[in-house]
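S.K.: Residue numbers (my numbering), protein chains in the order written: chain A, 2 to 168; chain B, 346 to 774.
One or more hints might be untrue.
Label-pair restraints from in silico Cβ distances [stated by the list, open to error]:
hint, chain 1, residue 1, chain 2, residue 2, range
1, B, Lys378, A, Arg65, 36 to 42 Å
2, B, Ile543, A, Asp142, 40 to 46 Å
3, A, Arg65, B, Gly616, 47 to 53 Å
4, A, Pro11, B, Pro421, 41 to 47 Å
5, A, Thr160, B, Gly499, 28 to 34 Å
6, A, Asp159, B, Tyr488, 47 to 53 Å
7, B, Arg475, A, Thr150, 48 to 54 Å
8, A, Lys153, B, Lys653, 52 to 58 Å
9, B, Glu756, A, Glu26, 17 to 23 Å
10, B, Gly616, A, Gln55, 53 to 59 Å
11, B, Asp390, A, Asp159, 41 to 47 Å
12, B, Ala403, A, Asn102, 34 to 40 Å
13, A, Gln55, B, Thr692, 51 to 57 Å
What the hints contain is simulated information worked out from the structure, not anything from laboratory work.
Glycine is no exception: its CB is placed at the ideal position from the N, C-alpha and C atoms.
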Amino acid sequence: MSTQAFEFTPENLQEFRDILSRYPERRAALLPTLHLAQEQNGHISTEVEAYVAQIMELPIVDVREVVTFYSLYFRRPMGHHHIRVCMSIACMLGDCEGIRNHLRTRLGVAPGGVTADGKFSWEAIPDCLGACELAPMMQLDGEYYGNLTPEKVDEILDTADHADKRG
Amino acid sequence: MPIVKLVSEYFGNEQAKDLAWYRQNGGYEAARKALFKMAPKQVTDEVVKSNLRGLGGAGFPTGKKWSFVPADDSKPKYLTVNADEAEPGTFKDRYILEWDPHRLIEGIIICAWAVGIHKAYIYIRGEYVRPFQILKAAVEEAYKEGILGERVLGQDFKLDLHIHRGAGAYICGEETGLLESLEGKKGWPRLKPPFPAIVGLFNCPTVINNVETLSHLRNIILKGGDWFADIGVDRNGGTRLFALSGRVKRPGVYELPMGTPMRELIYEHGGGIVGDRKLKAIIPGGASAPVLTADQVDIPMTFDELSKVGSMLGSAGIVVMDEEVCMVKAMQTIADFFAHESCGQCTPCRQGTGWVYRIVSRMLEGNGSVDDVATLMSAANNMSGTSICALSDGASMAYRGFLTRFPEEFEYHVKHGKCDVQEIRMAVA
Ligand SMILES: Cc1cc2nc3c(=O)[nH]c(=O)nc-3n(C[C@H](O)[C@H](O)[C@H](O)COP(=O)(O)O)c2cc1C
Ligand code: SF4
Ligand code: FES
């Protein structure tokens, strides 16, 4: 784990002030502030937690409690691209298990893991991602991809990979 | 019944999210009518007349909900818009957010005027990144054009609107879990009463409405409450977005009048079952709604008709299962979800959801015992009426639906240690 201290960039500090102004109570800014911190740092490390606690004027335990409650906050470094495969009811009916198995083979790490080169991390989640008409579907970073087949999954991952190489 | 496009009017139309286009096509005329020609009370009366019911799942009459907010309270009042959409099988609000964000903003203005609210928050699930970006752009544009802010549409009425992103927790769709989350805490639902209309966000009176509910207001204000009520049936006004998924040829969102039979949705609009196989089961309102059997396909889709048969229209996420689907597997999938998403605050819910998932998984792996079916039923029964929020009741109802409507499949799994949907069908036929 990195031991570097964390602080917001000047732009993000400005954004943080803007977030605070939206709420009559400071604490309400906690979730958006954590989103912003994760955007900058990739995950919520203990250093990030300490920094957020300080600027939010909250005890660290309060921040920790929130970070661990919500599944979108990462507490360890994840891949450069993060994948969520939906395993919920409509996707089950669309054979998401086949997609999960394919990703397991292609990425070579179990769900929750990060590939050795740090490019991809992934989860197979029991929650519905709200796009059941696309079953089986997954989320890669912000985007939704549906009507998946193993070939299509390969294409999507290859495209993401190539985009990185082109920089 | 015909497809009636009220809230889905602009789905698929790339221009509709642009404010200029929306206004050229009558957009914000309903808000203008409300703010300049109607007293707040008149707006609420129109909504009461319309029989509009909460489309987030509970079906509570919208006008009535607004009228619970005390008029003489000196505290500020809030509107929180529920865009957390996470009930498995539900994806309708996403269409509104992606295709027609201004219709939602217009609805928010109308509600705010009716109730006397000057600050509103849209709570959108964190996974909805693209809908968030579209909505954010629309809100910014609305501010720029004086549709939101100090003087809404030039009227002496202030309204601020902010978007608040969730962070991946189904329980934050439950209205008081949502309020806790919006206040920066973990999403632990609150005991009710007090209801949010009296003590809600930041301890102030708060209206919580679903995205689709608010998106109907534009038409209700323009065309009148009676007009809307006439489209629906009985006490279920207007149309509804039905999100159809599972083993159908054309899954998607279909707007149909309340009271449309499930058969029409599945066979006409949805194109029938994949591979023209036989229908076996339908979940009529998201994962919490007890599963129905194929012979119930003619039931009209209203809150009242579905509750008569022990299920619910809920979030109107309709999941279709054909003869090849194993009900034990279907139940396990749903049990996995509830076990993952119970917030853990109440013991019956926290433990019950875990037990049920483990027992059904055991059955599925061929390690079930004869007592397991009864154990499941009693675990499900213990989760009903014993907890702070309705997640536990919903899970309990869903489990009991599978167990009572498809008992032979559970017994088969226990006896034979394997699944054979084909064999079961022959044995029952
Ligand atoms: C466990 C649980 C999850 C819920 N999830 C949602 C949701 O994702 N979206 C929603 O609009 N309502 C959801 N609801 C219903 C809300 O509590 C609330 O009734 C609704 O937002 C009120 O708006 P409406 O009257 O316009 O439907 C959920 C309820 C429960 C018990
Ligand atoms: S019923 Fe379940 S989800 Fe609801 S408050 Fe209790 S533990 Fe949490
Ligand atoms: S079940 Fe996978 S998106 Fe809904």
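S.K.: Please go over all the hints and tell whether each is borne out by the structure.
M.R.: Here's how the hints hold up against the structure:
no.: 1; hint: B:Lys378 x A:Arg65: 36 to 42 Å; in the structure: violated (50 Å)
no.: 2; hint: B:Ile543 x A:Asp142: 40 to 46 Å; in the structure: holds (42 Å)
no.: 3; hint: A:Arg65 x B:Gly616: 47 to 53 Å; in the structure: holds (50 Å)
no.: 4; hint: A:Pro11 x B:Pro421: 41 to 47 Å; in the structure: violated (33 Å)
no.: 5; hint: A:Thr160 x B:Gly499: 28 to 34 Å; in the structure: violated (48 Å)
no.: 6; hint: A:Asp159 x B:Tyr488: 47 to 53 Å; in the structure: violated (41 Å)
no.: 7; hint: B:Arg475 x A:Thr150: 48 to 54 Å; in the structure: violated (22 Å)
no.: 8; hint: A:Lys153 x B:Lys653: 52 to 58 Å; in the structure: violated (43 Å)
no.: 9; hint: B:Glu756 x A:Glu26: 17 to 23 Å; in the structure: violated (54 Å)
no.: 10; hint: B:Gly616 x A:Gln55: 53 to 59 Å; in the structure: holds (57 Å)
no.: 11; hint: B:Asp390 x A:Asp159: 41 to 47 Å; in the structure: violated (59 Å)
no.: 12; hint: B:Ala403 x A:Asn102: 34 to 40 Å; in the structure: holds (38 Å)
no.: 13; hint: A:Gln55 x B:Thr692: 51 to 57 Å; in the structure: violated (36 Å)
In summary, the numbered hints that this structure violates are 1, 4, 5, 6, 7, 8, 9, 11 and 13.
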